[in-house]
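J.: Residue strings, one per chain:
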Amino acid sequence: MKRFALLALAAVSALFLAVAPASAGTLDQVQKRGKLLCGVHPGLPGFGLQDNAQWVGFDVDFCRAVAAAIFNDPTRIGFIPLTAKDRFTGLQSGEVDLLSRNTTWSLSREAGQGFLFAGVTYFDGQAFMVRKKLNVTSALELSGASICVIQGTTTELNLSDYFRANNMKFEPVTYAYADEAVAAYQDGRCDAFTTDMSGLYAERAKLKAPEEHTVLPEVISKEPLGPLVRQGDDAWFNIVKWTYFALVNAEEMGVTSKNVDDKARSEAPDAKRLLGSEGNYGESLGLSRDWAYRIIKLVGNYGEIFDRNLGDGSKLRIKRGVNALWSKGGLQYAPPVR
Amino acid sequence: MAEASAATTQKPKPWRDPRWRGGAAQAALLAFVGGLFYFALTLARENMRQRGIPTDFGFWSQPSGFEVSQSLIAYSAASTYGRAFFVGLLNTLTVAAIGAVLATALGFLIGVGRVSQNWLVSRLCGAYVETLRNLPLLLQLLFWYNAVLKALPGPRQSLRFGDIFLNNRGLFVPEPMAQGGAQAAAIALVLGLIAALVWVSYARAKQKRTGRRPPVALVALAFVVLPPLAAALVFGAPLRFQPAQLKGFNFVGGLRLTPEFVALVIGLSTYTASFIAEIVRAGLLAVPKGQREAADALGLTHGQSLRLVVIPQAMRVIIPPLTSQYLNLTKNSSLAVFISYPDLVQVFMGTVLNQTGAAVPIVALTMAVYLAISLAASVAMNAYNARLARHGGGS
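Chains A and B, in that order, give the protein sequences.
The first sequence begins at 211 in the working numbering and counts up one residue at a time.
The second sequence begins at 943 in the working numbering and counts up one residue at a time.
Simulated from the structure, these hints should not be mistaken for laboratory data.
For each residue, glycine too, the CB sits at the ideal point set by N, CA and C.
Be careful, since some hints might not be right.
Said to hold, decoys possible - 30 Å max Cα-Cα, derived BS3-like pairs, lysine-lysine: (1) B:Lys-953 to A:Lys-342; (2) B:Lys-1231 to A:Lys-379; (3) B:Lys-1092 to A:Lys-343; (4) A:Lys-418 to B:Lys-1189; (5) A:Lys-418 to B:Lys-1092; (6) A:Lys-379 to B:Lys-1092; (7) A:Lys-468 to A:Lys-432; (8) A:Lys-525 to A:Lys-416; (9) B:Lys-955 to A:Lys-342.
Claimed, not checked - Far from chain B, some chain A residues (derived; all Cβ distances over 10 Å): (10) Pro-252; (11) Glu-390; (12) Ala-534; (13) Ser-537.
Assemble the whole structure, with the sequences as input and the hints as a guide.
T.: Right, here's the structure in full:
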């Protein structure tokens, strides 16, 4: 009987663990586990891609920044590649602590699905790519076309909206994986492929003959992309959110991975506050005093991450555009550290 | 005597009575497991509620906002999520039904071929079975999809067979449209069908009475075919065939089979046929040799003895495993998600789940649907099997 009771107890506790809220201190869990579990794109050049067993990309580097803030070591991460279709289930079920995977911030994803977006790390918009030989110059000429699209994205919805609003017909061909959708486009199953502008440039670079394809000028939607977490753990949400703000603030202050040591000793009070040589803001986040110093030293500021993965330092050569700092005519803006 | 009755009347204490004890233990276990489930469910529900994850079907009548490439019912982005569910369900049932028919036909052919006396035929059928059933289905589906897609030209360079067009957007055949003589032809067809049924039952009764079998197939066919033809001659053609036309990017009009659908049906039916062939072979071999020898002795031809003596008896062995092959085919159709065919899993558990975030209700409903389809199919097949068993093979 005693053994039976023990067994029952074990079963109940196992069950309890299985359905217990993962919100009970995500930071604690991450620290206990010794690494951050970050959901990333399985293969989108510039954003998340495994290159020689090494994960690279803009979203990937954001994961590294969070890991650097927590562990002072950007390598203590488990990258979990998630398809567009599976990403939310992955975050909901606690498979990942953080989803950094070019995901669009929308009302239903916060109010309806239980997530919180930590900010907009990349302002994007949806567009179309077609073969040049079709002689199409505008998305408004796409009526009747077959269009390849990735399943479970805002892109899929915008596509319907755009064609409905302009009274045009189309045939959607939806794929769970971006690679499949692009392959089907390349094989001629579709006349056009649609996703976020940045994604189009990235995917075009992977095609067999990139020069035979063109991106149409219409941008049909707002796609504010950013990292997101589960609701219910405000402390963890703050850490992710302020990691992003630290990256942007650092760029604004001119703090880079190269000069961060000088800046920490400089007389600039805002830089000293950010880097922890004055005040103790890190500990109120549940991190160390030098949390932002670690981020900048080990991963770089927002501008460095952008350049390395998407900008002039990369093959994609995407212009900063609306993603420039607010002080330079863009939209990237962060509240002050004080 | 008195002692014995005393022994029976003197009941043991309940906790010493094995029956009572066993019952109590089972009741306790049931309550424990039930409680555990209830506890888990309420806890999960509460956790999801706290995190703002939907736990019910509140999304069901909301507009979906996404398009589906093929649908048997009217559907657009303005339709509800609930309607999207039925679009997916019907697409799944379509593939399952067509796949099951093709797999059965092909499977019987190959199964009979395997036990053929002809060396080449039996080896070829054997090679088919061994190849197809030993390769993973997903691999075969991807093969067919890519084979279909890559081999075909674009819409502007379509292969053309009369009014039929084939390209990498699918197979386009002319669409039959009802016109002037349609009503008359339809009435003639119905009357012809009734006449054919009457003739069949008359023929059956006559065979029972006299032992002679009047010609059934040919006459019934004539009853079905001739009246509509006559009606068409008198009242004009009932149908007109509207071919598809190239307009802009794609063909418009006509009936269309998409590459996804074709690849899925071919993949599922050829794969399942290899299993059905083995079942058929086993069924044929299970019929005692004496039955065929007796049929030969009666002077039946080879075909007749197969059709009238061997196969009816083999069916009793074949039906139960055949049922599970149909169920497998239906469940395997969910692999459609890998080749973009909008079946239940692709539409409902893919896009709808993703747009609404209501993972638990959607997954639960999808599982319930597959369970219901499988149970319904197995009830139907069991009924058919019971009928066969009652009639008895060959008697």
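J.: Against each hint, give a clear statement of whether it holds in the structure.
T.: Structure-based check of each hint:
Between Lys-953 of chain B and Lys-342 of chain A the CA atoms are separated by roughly 94 Å; this puts the pair beyond 30 Å, and the hint is violated. Note on Lys-1231 of chain B and Lys-379 of chain A: the hinted pairing is violated, with a Cα-Cα distance of about 63 Å set against a maximum of 30 Å. About 19 Å separates the Cα atoms of Lys-1092 of chain B and Lys-343 of chain A, which keeps this hinted pair within 30 Å; it holds. With a C-alpha separation of about 28 Å, the suggested pairing of Lys-418 of chain A with Lys-1189 of chain B holds against the 30 Å cut-off.
Among the hinted pairs, Lys-418 of chain A with Lys-1092 of chain B is consistent with the structure: their alpha-carbon atoms are about 15 Å apart, no more than 30 Å. A C-alpha spacing of about 25 Å is found between Lys-379 of chain A and Lys-1092 of chain B, which places the hinted pair at or below 30 Å, so the restraint holds. Our distance criterion of 30 Å between C-alpha atoms is broken by Lys-468 of chain A and Lys-432 of chain A, whose separation comes to about 34 Å. At most 30 Å may separate the alpha-carbon atoms for a hinted pair to count; Lys-525 of chain A and Lys-416 of chain A meet this at roughly 11 Å.
Our distance criterion of 30 Å between C-alpha atoms is broken by Lys-955 of chain B and Lys-342 of chain A, whose separation comes to about 91 Å. Every beta carbon of chain B lies more than 10 Å from that of Pro-252 of chain A, the smallest distance being close to 15 Å; the non-interface claim holds. A beta-carbon of chain B is positioned within 10 Å of the beta-carbon of Glu-390 of chain A; the least distance is around 7 Å. With 10 Å as the threshold on Cβ separation, the claim that Ala-534 of chain A sits away from chain B holds: the shortest Cβ distance comes to roughly 32 Å.
Distance to chain B confirms Ser-537 of chain A as a non-interface residue, since its nearest Cβ pair spans about 36 Å, more than 10 Å.
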